[in-house]
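A.B. asks: Next come the chains, spelled out residue by residue.
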Amino acid sequence: MSFQVILSQLASGMLLTISIFVLTLLFSMPLGFFVAFGRMANNKVIRFLTQLYISVMRGTPLMLQLMVVYFFPWYLFHISLGSFWRFPAIILGFTINYAAYFAEIYRSGIEAIPKGQYEAAKLLGYTKAQTFLRIILPQVIKIILPAVTNEVITLVKDTSLAYTLSCIEMFSVAKQIAAAETSMLPFAVAALFYYLFNLLVSLGMNRLEKKMSYY
Amino acid sequence: MNYLEMNHVRKSFGDLEVLKDISLTVQQGEVISIIGPSGSGKSTLLRCATLLETMDEGTLSYLGQAAVTMEQGHSVYAKPAELDAIKQCFGLVFQSFHLFPHYSVLKNLIDAPIHVQKRPKEEATQEAMELLEQMGLADKANAYPHQLSGGQQQRVAIARALARKPEVLFFDEPTSALDPELTGEVLKVIKQLAEANMTMIIVTHEMEFARKVSDRILFMDKGYVVLEGTPETVFQSDNERMREFLGKLQKE
Ligand SMILES: Nc1ncnc2c1ncn2[C@@H]1O[C@H](COP(=O)(O)OP(=O)(O)OP(=O)(O)O)[C@@H](O)[C@H]1O
Ligand SMILES: [Mg+2]
Chain A
1 MSFQVILSQL ASGMLLTISI FVLTLLFSMP LGFFVAFGRM ANNKVIRFLT QLYISVMRGT
61 PLMLQLMVVY FFPWYLFHIS LGSFWRFPAI ILGFTINYAA YFAEIYRSGI EAIPKGQYEA
121 AKLLGYTKAQ TFLRIILPQV IKIILPAVTN EVITLVKDTS LAYTLSCIEM FSVAKQIAAA
181 ETSMLPFAVA ALFYYLFNLL VSLGMNRLEK KMSYY
Chain B
1 MNYLEMNHVR KSFGDLEVLK DISLTVQQGE VISIIGPSGS GKSTLLRCAT LLETMDEGTL
61 SYLGQAAVTM EQGHSVYAKP AELDAIKQCF GLVFQSFHLF PHYSVLKNLI DAPIHVQKRP
121 KEEATQEAME LLEQMGLADK ANAYPHQLSG GQQQRVAIAR ALARKPEVLF FDEPTSALDP
181 ELTGEVLKVI KQLAEANMTM IIVTHEMEFA RKVSDRILFM DKGYVVLEGT PETVFQSDNE
241 RMREFLGKLQ KE
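Protein chains in written order, with our numbering: chain A, 1 to 215; chain B, 1 to 252.
Calculated directly from the structure, the hints in this document are not laboratory data. Treat the hints with care, as some may be off.
[Unchecked claim] Result set (BS3-like, lysine-lysine): computed pairs, CA atoms no more than 25 Å apart in a straight line:
no., chain 1, residue 1, chain 2, residue 2
1, A, K122, B, K79
2, B, K188, A, K115
3, B, K107, B, K140
4, B, K188, A, K142
5, A, K128, B, K165
6, B, K118, A, K211
7, A, K122, B, K251
8, B, K87, A, K122
9, A, K210, B, K188
10, A, K122, B, K121
11, A, K122, B, K165
12, B, K107, B, K118
13, B, K107, B, K165
14, B, K107, A, K128
15, A, K128, B, K140
16, A, K128, B, K118
17, A, K157, A, K128
18, A, K210, B, K107
19, B, K79, A, K128
20, A, K142, B, K79
21, B, K140, A, K211
22, A, K128, B, K188
23, A, K211, A, K142
24, B, K87, A, K115
25, B, K140, B, K188
26, B, K222, A, K122
27, B, K121, B, K107
This one's a predicted model, so the numbers in the text were calculated from it and none came from an experiment.
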């Protein structure tokens, strides 16, 4: 089987891989902010609950979390959502896992901003929302960019875990072809795909970091 | 009308009583210096006056508008909307500047006037440029704070506070973070403001400067105002604590 044929067979899997990647970032990055605020909340109960959530998400395997998300409608409510539920379950599983990691990154960034910045903003009359959006957030983004890059790169590779729920993303396709053809070539192509994907991610993030280095 | 009026202010941090019955009245155009040993409560007093800290007892008002009143022996703060209006009356210059590092010098000056005070951008920019001119920083409008010396950063911070057109300006040790050779340029700017009749309350360790620029000096120690008066009376006072404080400064 030629490189080109393998590539065309992997293409559908790649599309799924990219969808998981994009949708997970799209949901988990904003969600992470809410989790981070919960983690820093004045209310003890909220703080405890978010802390518990974060520690469970970081302390158990993502693979297991995906299965729990996929099977919980059945175990809890005896509803069978069938294969319709598979893709949403994957996105949900990835999102709640990555939101926990992003939340901790955001928190470290927010806590790195000196108290004086808040006080200066308060004296100049900025509202709380303005202070966060105009003064704090831009500085936080610069601080957390390297850590976020790491997380995004990990996500590219983690997408292959979707196979746990029999989702035929790219790596699953590669395995099927490899088994059928008794060839290592599909794996090599898959590796190349992940590598190039991550190269693109790194280049993009590097450019962003450069853009933020004006101060 | 009193530009600033504080009466019987008390403030504790836990068991530590930092301000013990402080009263201070400032008229238009007055320059007041607050001096005193470390830990005497000078910063806490400024932070209470600028609403960064809440006081336990006492009252506070600016230009006749009450920010804090006393009810049943405790301080009661005005409604947030009223406090927002009162906040427009004053500005504070910090010891360590606290400029916004991601904004250019010009944007540090015009951002609050545009987005808080909702003033037209052209007007705010023009006024900001005039302020920078006055501070001798006209050529730094597009620089970022990290590209400036400490003295330049502090002058930008002063300009940023002035850009909102406050009636009263507070300084908390504006030159303490600066090398001696940069102190002069900041003090010169403050002196210019005094000559232009700006109402100012300055916490400082620069005794010579305080003597020259102030209409009145407050000497604080252990949470009390121990002495208050013209520079001559305060510096020539034979108050024991004052003499001890000046003696220590000279030894340094
Ligand atoms: N947020 C706080 N929590 C607890 N204690 C505080 C707090 N802020 C100040 N203090 C204490 O209050 C006392 C007065 O502090 P303050 O900063 O007002 O003194 P200061 O006169 O400005 O001294 P310095 O000349 O060193 O700046 C000190 O003992 C200080 O430790
Ligand atoms: Mg102080």
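A.B. asks: So, against the hints stated earlier in the document, which numbers end up violated here?
C.D. replies: 2, 4, 6, 7, 9, 15, 17, 20, 22, 26
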